[in-house]
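Please build the complete structure, drawing on both the sequences and the hints.
What follows is the residue order along each chain.
Number of protein chains: 4
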Amino acid sequence: MAFEELKEQVWQANMGLVEAGLVLLTWGNASGADRDAGVMAIKPSGVDYENMRPDDMVVLSLKDGEVVEGTLRPSSDTPTHLSLYQSFEAIGSIVHTHSTYATSWAQAGREIPCMGTTHADNFYGAIPVTRDLTEAEIRGEYEKNTGRVIVERFSNGEPSVESVPAVLVPGHGPFAWGPSPMKAVENAIVLEEVARMALLAHSVNPNAQPLSQTLLDKHFLRKHGAGAYYGQTTKQ
Amino acid sequence: MAFEELKEQVWQANMGLVEAGLVLLTWGNASGADRDAGVMAIKPSGVDYENMRPDDMVVLSLKDGEVVEGTLRPSSDTPTHLSLYQSFEAIGSIVHTHSTYATSWAQAGREIPCMGTTHADNFYGAIPVTRDLTEAEIRGEYEKNTGRVIVERFSNGEPSVESVPAVLVPGHGPFAWGPSPMKAVENAIVLEEVARMALLAHSVNPNAQPLSQTLLDKHFLRKHGAGAYYGQTTKQ
Amino acid sequence: MAFEELKEQVWQANMGLVEAGLVLLTWGNASGADRDAGVMAIKPSGVDYENMRPDDMVVLSLKDGEVVEGTLRPSSDTPTHLSLYQSFEAIGSIVHTHSTYATSWAQAGREIPCMGTTHADNFYGAIPVTRDLTEAEIRGEYEKNTGRVIVERFSNGEPSVESVPAVLVPGHGPFAWGPSPMKAVENAIVLEEVARMALLAHSVNPNAQPLSQTLLDKHFLRKHGAGAYYGQTTKQ
Amino acid sequence: MAFEELKEQVWQANMGLVEAGLVLLTWGNASGADRDAGVMAIKPSGVDYENMRPDDMVVLSLKDGEVVEGTLRPSSDTPTHLSLYQSFEAIGSIVHTHSTYATSWAQAGREIPCMGTTHADNFYGAIPVTRDLTEAEIRGEYEKNTGRVIVERFSNGEPSVESVPAVLVPGHGPFAWGPSPMKAVENAIVLEEVARMALLAHSVNPNAQPLSQTLLDKHFLRKHGAGAYYGQTTKQ
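Residue numbers (this note's numbering), protein chains in the order written: chain B, 39 to 274; chain X, 39 to 274; chain H, 39 to 274; chain R, 39 to 274.
Hints are computed from structural coordinates only; laboratory data are not their basis. Among the clues, some could well be false.
A pair counts as met if it fits within one copy or between any two copies, since identical chains are not told apart.
Here are the simulated lysine-lysine pairs, DSS-like style, with alpha carbons at most 30 Å apart [stated by the list, open to error]: (1) Lys101 - Lys261; (2) Lys101 - Lys182; (3) Lys101 - Lys221; (4) Lys261 - Lys182; (5) Lys182 - Lys256.
Following this line, the structure appears as structure tokens:
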């Protein structure tokens, strides 16, 4: 038995999605990487959250996706997670949900504009939408190709995966990530709330405009980077 | 005493509707069929969920609707359920709710388009709306005729009751079904969520388009049919 | 000590509004009448639901509104309740809330059209809106005049207080009633849900049409009146 | 150890925001002033509500903002609170949230019109929006300048901080206040609900009009000021 701590954290992240009301039934999945060990742990496919235990998490090689530990089949979205870990060293955990409002923006095929400081405190600009997968990409290695279009969207660094830790896959839903499982879940929670408020703000005023660059800079940078002054100094 | 297991499952399905927030007061009803025994069990009419017990379920003959077991009056929607069981062998359980979003689409007289993979994972295309009942059908055997228009809608197999296990009756609300009570409830839960997200997606973008056929095929068929690869192999 | 049962029922109705999520803070009030004793009991004004006990209900004469029992000041809306009891013998209980969706229709100054069978099962047609109070009526005996415009709206029997047991006061909110406290609360719950679904149905389809008269007749009359066949025969 | 009661009340106000569903994660903050002692107490920055205790509240001088008691860093919004206390003697407590509907109006850059008596019972007219901060104000002492634009908005007494105890900062969110922590939280709860109902009323009827001045006067003044007749005479 190994990877106890990783599996525990990944299990907690999966349970955190349920507690936050971001998943229904067996939907959604969270994973976490141990870069030193070269592995990721992920939720098994289609298992009830209620009966799921840390030991049910499936551990796979980050290099080739081979199962290293666990008896259950990993989430069918595993190739998407793997693709992101392989492309971006900064990603330590990934969560995928069909949370109501973020998924509605994905179904609308629209990026979520940064309408307020709630958004700017956590994401440095709009939540982007990937391009549609081609018919060949859908018919082929679909889940891997879903990872591919996400990687493609972030490949030029505008935005970077650090500055905007979430994306929408059109007609599908959101993926969010972070340095740790706890932070990835938090980003998924904030994403859902900013998706909801952006929709409502446009309901109040169809011509509502995104935040100015100056205000976006102020809010994102007071919580992130060298000049941050939010929270306790001893905080993670 | 017989049909204990059937009554227990049907009772659980009815209670599952309450837990999922799909019913208010005494609204809604779930039934289940035992094809070998030639019977169905259904919720009694207008009884509080709180006080309802498995033994309160009413058992009727699938052939003629005669009560076989039980002292309470069956749900007033029983003739609708009976009609569906008689017409479609594949249906093992039926649930009827007035869940908020699905009912709103029914009141709008609009089919629920397949806007995303959440929908495609469970329903192979739009949730159809039946035609309006005629004045004669309303004034006559109304509940039986409600079953009749549903049967009519699915009679040419486009869609089939297996590929799209739900329907909207205009001005009324949704019926959902499945091979088992647990699966019928699950379909009602998913129906409500896709109804909600389809409404919200159109609020974000009035010109939002349904999923491509290729993506619909991919998602529905990876969970259903011979090539399915979602969930655990030992899963039902 | 008298009126124990009436005060208990009225207290339960008030607590039922909280449980159903229809009131915030100290908002809302429920009352009940004992026609034989010639009294009504009502919630005290501005008291926390949490600490409220049956004995806190204030009992007043239905004839002149004089307090018969109780040490607290009755709800400031008491004159509105009194006016309704005095005008309509069929009313045995009244509840007033600022429930979100029904109040939004009241603020919009629009009657709630009967968009579906959920509505028709409980209300025999649209939920009407009273006329605006005049400036003199607002500046004068405001709460009594609020009762007056409601009475005026139902005075020609279209609708009657029995067939449509709820009304909206424009810019204010809903009042609902029934033969008993339990039934008045139930009507307030259904009113809120049909207000919500009518709004959503119009969001899906701005041209959505109300139910046909035939379907309205069918649904209302199968639950009310001589030919009712919904629920258990022994049911109240 | 001092200021025990103040810290206890401020802690309760912060927990009250969580209970009312107005804050997510570590968002939001509540403070309270002790005018006689010349201090304010406020929530520490970025601390989990779950683990927060009354003694974690940070006490600062109302004169210069110097920390008087407490080991944690105060909320990053402290300079905004301080600015309001310094400018308006009538303010005894301030709460800041990113509650969903009020924040959506702030993101839309629109004042919340007084659409009904729920609003008029608590706020004597529309909830105003401050002007945008200038680029220099954002880049400079941002939190202090946020206080400055709020003070500016209320400086001519139309409205006064007593008659409309809440404001929206555009692209950011609401601040609410009151004579005591309990009352400030209550105002934040009512603000969120009136923001929600104003949005929904306009969804029902885009041409819905605000309350008349006469009705606004009636409702606000029956609960506030010399002629108030709502609640119990012994009530605070």
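Outcome of the hint check:
1. Within a single copy, Lys101 and Lys261 get their C-alpha atoms only as close as 33 Å, which misses the 30 Å cut-off; across copies the closest is 27 Å, which meets it.
2. For the identical chains of this complex, Lys101 and Lys182 are intra-copy neighbours only, at 14 Å inside a copy versus 50 Å across copies, given an alpha-carbon limit of 30 Å.
3. For the homomeric pair Lys101 and Lys221, the shortest alpha-carbon distance inside one copy (24 Å) is at most 30 Å, but the shortest distance between copies (38 Å) is not.
4. Taking CA atoms no more than 30 Å apart as the test, Lys261 paired with Lys182 passes between copies only; the shortest distance there is 17 Å, against 33 Å inside one copy.
5. For the identical chains of this complex, Lys182 and Lys256 are inter-copy neighbours only, at 14 Å across copies versus 37 Å inside a copy, given an alpha-carbon limit of 30 Å.
The structure meets every hint from the earlier list without exception.
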